[in-house]
Amino acid sequence: MADYVFFDIGGTLGAPKLSPPPIRLTRLVVYGYTSSVLSALRNKGVQLGIISNTGNENFDDLVKILQQAGIYEFFTRKLLFFSSVSGLEKNSPENFRAIAEKVIQFDPSAQCLFVGEDSRERMFALNAGWRVCPHPLLVQGVLEGDSLEYARIVAPAESPLPWREKLRAQPLVPIHVAGPQGKTFYAIMPRRKIAALANLLFDVQLLGEPNDPLTTDLFLLRDDLATETGYLTDEGQAASFLASDESSRWLKGTTAEGLLVALPGDQSVENFHFEHARHGHNLKLAPDTSLLQPFGDEVDARNSSWLLSAPQESKLSHSELQKLLEIDSELINGVVDRYAGVTDLGDDKEQPILTRHIHSPDNLRAVAQLAADLNDIGGENLSVTLNSFNHEGEQLLNVVAELTGETTNEIVLVTAHLDSTAANSRPYEPSNHPAPGADDDASGMAGVLAAARVILALASENLPKRSIRFILFNAEEHGLIGSSAYARDAAAADEGIVALFQMDMIGYNKNLPRTFEVHTGCKTSPEVEARSRILAERIREVTELVSPSLSIPQIYPGPDGVDPADGRSDHAPFQRRGYAACVTSEDFFVGPNPDSPSPEDNPDYHKKTDTFVDPEYAADIARVVAAAAWVSARN
1 MADYVFFDIG GTLGAPKLSP PPIRLTRLVV YGYTSSVLSA LRNKGVQLGI
51 ISNTGNENFD DLVKILQQAG IYEFFTRKLL FFSSVSGLEK NSPENFRAIA
101 EKVIQFDPSA QCLFVGEDSR ERMFALNAGW RVCPHPLLVQ GVLEGDSLEY
151 ARIVAPAESP LPWREKLRAQ PLVPIHVAGP QGKTFYAIMP RRKIAALANL
201 LFDVQLLGEP NDPLTTDLFL LRDDLATETG YLTDEGQAAS FLASDESSRW
251 LKGTTAEGLL VALPGDQSVE NFHFEHARHG HNLKLAPDTS LLQPFGDEVD
301 ARNSSWLLSA PQESKLSHSE LQKLLEIDSE LINGVVDRYA GVTDLGDDKE
351 QPILTRHIHS PDNLRAVAQL AADLNDIGGE NLSVTLNSFN HEGEQLLNVV
401 AELTGETTNE IVLVTAHLDS TAANSRPYEP SNHPAPGADD DASGMAGVLA
451 AARVILALAS ENLPKRSIRF ILFNAEEHGL IGSSAYARDA AAADEGIVAL
501 FQMDMIGYNK NLPRTFEVHT GCKTSPEVEA RSRILAERIR EVTELVSPSL
551 SIPQIYPGPD GVDPADGRSD HAPFQRRGYA ACVTSEDFFV GPNPDSPSPE
601 DNPDYHKKTD TFVDPEYAAD IARVVAAAAW VSARN
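The letter at position 516 of the sequence shown is residue 516 when you use the numbering used here, and the numbering goes up by one with no holes.
One or more hints might be untrue.
Said to hold, decoys possible - Taking lysine-lysine and the BS3-like style, the derived pairs with C-alpha atoms no more than 27 angstroms apart in a straight line are:
no., residue 1, residue 2
1, Lys166, Lys315
2, Lys193, Lys44
3, Lys608, Lys349
4, Lys166, Lys193
5, Lys252, Lys523
6, Lys17, Lys64
7, Lys17, Lys78
8, Lys183, Lys523
9, Lys183, Lys166
10, Lys608, Lys510
11, Lys252, Lys183
12, Lys102, Lys78
13, Lys193, Lys183
14, Lys252, Lys193
15, Lys166, Lys523
16, Lys44, Lys102
17, Lys44, Lys78
18, Lys64, Lys102
Just so you know, the hints here were simulated from the structure itself, not pulled from any lab data.
Can you build the whole structure from these sequences, using the hints too?
Structure, rendered in structure tokens:
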């Protein structure tokens, strides 16, 4: 028998860089382990190929991309199955069977294995008689016949030793970090290698059945009702999940946050939107080696010169103040109305958008128009690209626009999420039911576009020291999917992200006082939390300068050390990788102090009635974030 291993490209071998519509692949940034994995397999006599959905690309251009990435030499030319050339996409067992038949024609002894990050595609391959693997670093174990396991790994509580280095030396791939000081890891690993961790005195608990990781994705479904009602109360959502025999088999464990669920590739996490769900209600636990080597000053961390160390004074000149004041209600209203379906989106369809949900074709309309908007704002001074990732068998896109500063290796991010949901309006069909998401998160999107417009004007007079990226993340509502993919790729490329300012729901305020929140909590790393706090304090300083009608921001964690938004918005994947990041929002949570005003919850959260935004309030918050980002990049 001869082993033939086929890899997907994007998210498996590297990070693809795409142009705005008409979408073209411009380059591939391979991950650090890719070449060594391919080299080791080839040296063992394994035949290597590619199966990838490639849009409208031609064969020669794709070969050139692989050559420029330095990996073409590892592959056999006749084993390159690009969908744009072969007509065979990774969307059915029949297509995988067709590829296997082509291989068997020249090698009847061939045994095929598919390596890809998307569980739905792996399920198609498995149903076609292939072996499958979720990550390149785990291929050798699968070829040797070992089963793969989900595992919870806990390091000794008081270990000052380089325990992350010991874990990195093991054949495992981390998928999540949790707990105080980040000493609880979730990972995928070969079963036979668990003994090595036991010998090192790690606490290892297996989750689920052998080979669950082959055709499932592990999700954390947060049970906010159980959290709110508290310890030793019997209210929660677990019973609803366990109501059917099928879904009960997917439950693999529990934590204080919620349920650990291995969803098969043919299931969508969309079906599990618990009642009382709040920000970050779902989290997809996706493979990422950088979780075991975050940036920072801690033992086993990647130390870099760009790490924040101390607050800087946030002065603004009269000219800077005047430009920042151009972020006004009219600017916010125009964007919210277009992306929440009040007016035409602005594309060639000449009709309002219905929803930005990832299961709707309108999601791609929103992506294309956001790219067009950013191009219009920046012209040749703003480089607009698309960052792709796979989820539930589909290619999804983040929108990225960069203003290059004097020091190109240091970056400030201004971000929001672009997708929407109305899962709390039931019955709900995400592909064709309205989900305007005016507050969640068209308000944040408007904030990012407004910040881009004003910062481009500021940069025309004084180019900032650091580069600034404006990013709209996709699939936040499905488990921080887009931001996690972007953070993975950024950490893999050693990008110097000095600061991230996320805006998530900045538009709902009907009653005085005009309060808002900034969240910096990161229980997995006190050091990251401290660096993130510097960003929040910068927001506090500029608030009185640019938006004096706002109350001073409520900064979390409060005196109790708790941040209810810890891990629950698109800033969190960056914090887990050691980047300083914060999220700014309307007054959504209780606290942070005992005497803080009561929060003003948006009653239309995740409903088809999410249509209200106070544009002056949203403009005030967007102006504060833009000012903080500008100061962070300018200094």
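The hints, checked one at a time:
no. : hint            : in the structure
1   : Lys166 - Lys315 : 45 angstroms, violated
2   : Lys193 - Lys44  : 21 angstroms, holds
3   : Lys608 - Lys349 : 22 angstroms, holds
4   : Lys166 - Lys193 : 13 angstroms, holds
5   : Lys252 - Lys523 : 24 angstroms, holds
6   : Lys17 - Lys64   : 14 angstroms, holds
7   : Lys17 - Lys78   : 25 angstroms, holds
8   : Lys183 - Lys523 : 10 angstroms, holds
9   : Lys183 - Lys166 : 13 angstroms, holds
10  : Lys608 - Lys510 : 19 angstroms, holds
11  : Lys252 - Lys183 : 20 angstroms, holds
12  : Lys102 - Lys78  : 10 angstroms, holds
13  : Lys193 - Lys183 : 20 angstroms, holds
14  : Lys252 - Lys193 : 20 angstroms, holds
15  : Lys166 - Lys523 : 22 angstroms, holds
16  : Lys44 - Lys102  : 23 angstroms, holds
17  : Lys44 - Lys78   : 19 angstroms, holds
18  : Lys64 - Lys102  : 24 angstroms, holds
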